[in-house]
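Work out the full structure: start from the sequences and follow the hints.
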Amino acid sequence: MAMSTEFDVKKLADLSDFEGSLAARVYQSLKQAILSLDAPPGVALRKPEMCTRFEVSRSPVAEAIARLSAEGLVEVTPQSGSRVCYLSLSDFHEAAFMRSALEQAAAERVAEVRSEADLGALARSMHRQKLLAADGAREEFYLADEAFHELIHAATGYARLSAQTEIVGLHMTRARRLLLPGQRRIEDTITEHQAIFDAIKAQDGAAARAAMALHLNQVTKLIDALSESQPGLFKP
Amino acid sequence: MRVKPVAELSRVDELPDLRSSTGSLAQRIHHVLHTAILDLTFPPGTPLRKAELAHRFGVSRAPVTEAIAILAAEGLVEAMPQVTARVTPLSMAALREETFLRCAIEGAVVERLAKTRTDAQLARLGRNLRLQELLVEDGDTRGFFEADEEFHTMLQEFTGLDRLSGFAAQVTLQLHRARQLLLPEARRPTETIVEHGEVLEGIRRQDAPAAVKAMRFHLGQLVPRLKPLEQTYPHYFREG
Numbered sequence: 001m002a003m004s005t006e007f008d009v010k011k012l013a014d015l016s017d018f019e020g021s022l023a024a025r026v027y028q029s030l031k032q033a034i035l036s037l038d039a040p041p042g043v044a045l046r047k048p049e050m051c052t053r054f055e056v057s058r059s060p061v062a063e064a065i066a067r068l069s070a071e072g073l074v075e076v077t078p079q080s081g082s083r084v085c086y087l088s089l090s091d092f093h094e095a096a097f098m099r100s101a102l103e104q105a106a107a108e109r110v111a112e113v114r115s116e117a118d119l120g121a122l123a124r125s126m127h128r129q130k131l132l133a134a135d136g137a138r139e140e141f142y143l144a145d146e147a148f149h150e151l152i153h154a155a156t157g158y159a160r161l162s163a164q165t166e167i168v169g170l171h172m173t174r175a176r177r178l179l180l181p182g183q184r185r186i187e188d189t190i191t192e193h194q195a196i197f198d199a200i201k202a203q204d205g206a207a208a209r210a211a212m213a214l215h216l217n218q219v220t221k222l223i224d225a226l227s228e229s230q231p232g233l234f235k236p
Numbered sequence: 001m002r003v004k005p006v007a008e009l010s011r012v013d014e015l016p017d018l019r020s021s022t023g024s025l026a027q028r029i030h031h032v033l034h035t036a037i038l039d040l041t042f043p044p045g046t047p048l049r050k051a052e053l054a055h056r057f058g059v060s061r062a063p064v065t066e067a068i069a070i071l072a073a074e075g076l077v078e079a080m081p082q083v084t085a086r087v088t089p090l091s092m093a094a095l096r097e098e099t100f101l102r103c104a105i106e107g108a109v110v111e112r113l114a115k116t117r118t119d120a121q122l123a124r125l126g127r128n129l130r131l132q133e134l135l136v137e138d139g140d141t142r143g144f145f146e147a148d149e150e151f152h153t154m155l156q157e158f159t160g161l162d163r164l165s166g167f168a169a170q171v172t173l174q175l176h177r178a179r180q181l182l183l184p185e186a187r188r189p190t191e192t193i194v195e196h197g198e199v200l201e202g203i204r205r206q207d208a209p210a211a212v213k214a215m216r217f218h219l220g221q222l223v224p225r226l227k228p229l230e231q232t233y234p235h236y237f238r239e240g
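Quick mapping for you: the protein sequence lines, in order, are chains A and B.
Under the working numbering, the residues of the first sequence are numbered 1 to 236, in order.
Under the working numbering, the residues of the second sequence are numbered 1 to 240, in order.
Please note: incorrect hints may appear among the correct ones.
Just a sample of chain B residues kept apart from chain A, beta carbon distances all over 10 Å, derived [unchecked claim]:
{"hint": "1", "residue": "Thr22"}
{"hint": "2", "residue": "His34"}
{"hint": "3", "residue": "Asp119"}
{"hint": "4", "residue": "Asp140"}
{"hint": "5", "residue": "Leu183"}
Below are the DSBU-like pairs computed for lysine-lysine, each with C-alpha atoms no more than 35 Å apart in a straight line [as the list claims (entries may be wrong)]:
{"hint": "6", "chain 1": "A", "residue 1": "Lys235", "chain 2": "B", "residue 2": "Lys115"}
{"hint": "7", "chain 1": "A", "residue 1": "Lys235", "chain 2": "A", "residue 2": "Lys11"}
{"hint": "8", "chain 1": "A", "residue 1": "Lys221", "chain 2": "B", "residue 2": "Lys213"}
{"hint": "9", "chain 1": "A", "residue 1": "Lys221", "chain 2": "A", "residue 2": "Lys31"}
{"hint": "10", "chain 1": "A", "residue 1": "Lys31", "chain 2": "A", "residue 2": "Lys10"}
{"hint": "11", "chain 1": "A", "residue 1": "Lys235", "chain 2": "A", "residue 2": "Lys10"}
{"hint": "12", "chain 1": "B", "residue 1": "Lys227", "chain 2": "A", "residue 2": "Lys201"}
{"hint": "13", "chain 1": "B", "residue 1": "Lys115", "chain 2": "A", "residue 2": "Lys201"}
{"hint": "14", "chain 1": "A", "residue 1": "Lys221", "chain 2": "B", "residue 2": "Lys115"}
{"hint": "15", "chain 1": "B", "residue 1": "Lys213", "chain 2": "A", "residue 2": "Lys201"}
No lab work stands behind these hints, which were simulated from the structure alone.
Positions of the beta carbon are idealized from the N, C-alpha and C atoms, including for glycine.
Structure below.
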């Protein structure tokens with residue numbers, strides 16, 4: 001993957017796409033660009049350009065960059081200014097461990113407490129994933145994949161679980177985007193989701209947990225392989 | 001001027017001076033309030049008044065406002081009409097959710113440690129358990145509580161994942177406060193030591209399922225003991 005060191009700020013989504021204070025919206029727009037790889041690892045984020053692009057003063061931009069830096073997405077140095085962080089294999093493994101811990105526990109719990117309505121929603125999600133796969137609609141499949149996991153979080157009855165999982169899993173989400181979403185991976189994802197669904201339907205907590213662990217571990221295997229074939233994407 | 005009841009007067013006076021911590025004014029105020037909330041000097045529901053706190057610390061309102069904003073982001077205080085903020089009340093729903101998160105994380109932690117544990121780590125955990133025993137013999141409730149915390153934090157840190165113990169602490173803030181209300185508990189420390197021993201044994205024998213089972217049993221003892229708190233301390237729990 002060829003990486004330029006210059007970033008075209010026109011790629012940033014408009015602030016009107018987001019909600020909250022100016023700083024919050026600048027933050028969300030930048031974060032989206034970073035996670036989608038529009039702003040790939042290593043590119044410089046220049047404050048004056050962003051101020052011009054968003055038509056805001058330096059203050060909200062500085063605040064947004066401070067937040068992104070705290071999350072490990074942007075690196076701020078006196079010499080080079082602000083740059084999008086390279087992916088870190090150790091950050092990835094940490095995020096994968098924590099996300100897997102929460103998702104395994106969620107799958108096990110849902111197998112035990114799920115309602116008919118929960119099952120209905122999960123079944124509909126499986127249908128949707130299969131239809132999107134058959135159409136080769138990759139971006140929409142990615143969203144349906146996320147929605148499947150969110151349904152499981154919601155079915156636990158724990159209101160903040162989805163948000164918590166997203167927070168701890170940030171560096172995993174980021175790394176996943178690097179994986180080219182081939183048809184093979186989409187088919188495998190559906191098979192893995194089906195196993196989770198079947199276990200939840202059968203009220204088998206241990207099987208649901210194991211199926212979720214296996215599913216998430218596929219990402220780890222692929223990222224480890226990527227770190228060997230394309231070491232330039234990662235920092236040690 | 002309204003005469004404040006004695007109970008309300010004492011809390012702010014119990015706060016230590018800012019001298020005892022480091023950082024900017026806002027950070028130091030945050031640190032003092034954070035500690036006071038977690039050790040229940042400021043119990044759930046306690047009102048926080050900017051003017052009163054600014055006066056106590058001898059600062060302007062600005063750093064107090066900043067400190068309170070950080071506490072709000074952490075979920076330790078919430079905005080209220082009439083006062084600046086109040087210490088977040090407890091809720092059984094939140095306690096159950098935190099227990100779920102804690103169990104998810106600590107189960108995964110001991111499952112991993114069963115595979116990766118080193119002799120040095122086993123030795124440190126063993127020493128901590130021995131310390132717990134001595135503290136129970138002494139009847140040192142506070143000391144035991146801290147050694148118990150340390151046992152769990154060590155397990156988290158031994159995974160080698162830097163942010164894990166910080167995250168675990170962040171998502172168990174209500175549990176931390178609620179557990180203090182349970183102290184002292186007559187037989188619980190002795191039971192705790194047995195349960196910790198089972199966890200450690202599973203890790204030592206590299207038996208991941210046994211370690212996980214022992215940790216889940218151990219953490220499963222929490223919620224039944226927390227339930228009566230709603231009856232004993234109704235004013236600390238969220239209304240409605």
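Taking the hints in turn, this is what the structure says about them:
no. : hint                   : in the structure
1   : Thr22                  : 20 Å, holds
2   : His34                  : 18 Å, holds
3   : Asp119                 : 23 Å, holds
4   : Asp140                 : 33 Å, holds
5   : Leu183                 : 27 Å, holds
6   : A/Lys235 with B/Lys115 : 27 Å, holds
7   : A/Lys235 with A/Lys11  : 25 Å, holds
8   : A/Lys221 with B/Lys213 : 27 Å, holds
9   : A/Lys221 with A/Lys31  : 26 Å, holds
10  : A/Lys31 with A/Lys10   : 15 Å, holds
11  : A/Lys235 with A/Lys10  : 27 Å, holds
12  : B/Lys227 with A/Lys201 : 31 Å, holds
13  : B/Lys115 with A/Lys201 : 31 Å, holds
14  : A/Lys221 with B/Lys115 : 19 Å, holds
15  : B/Lys213 with A/Lys201 : 24 Å, holds
Of the numbered hints stated above, none is contradicted by the structure.
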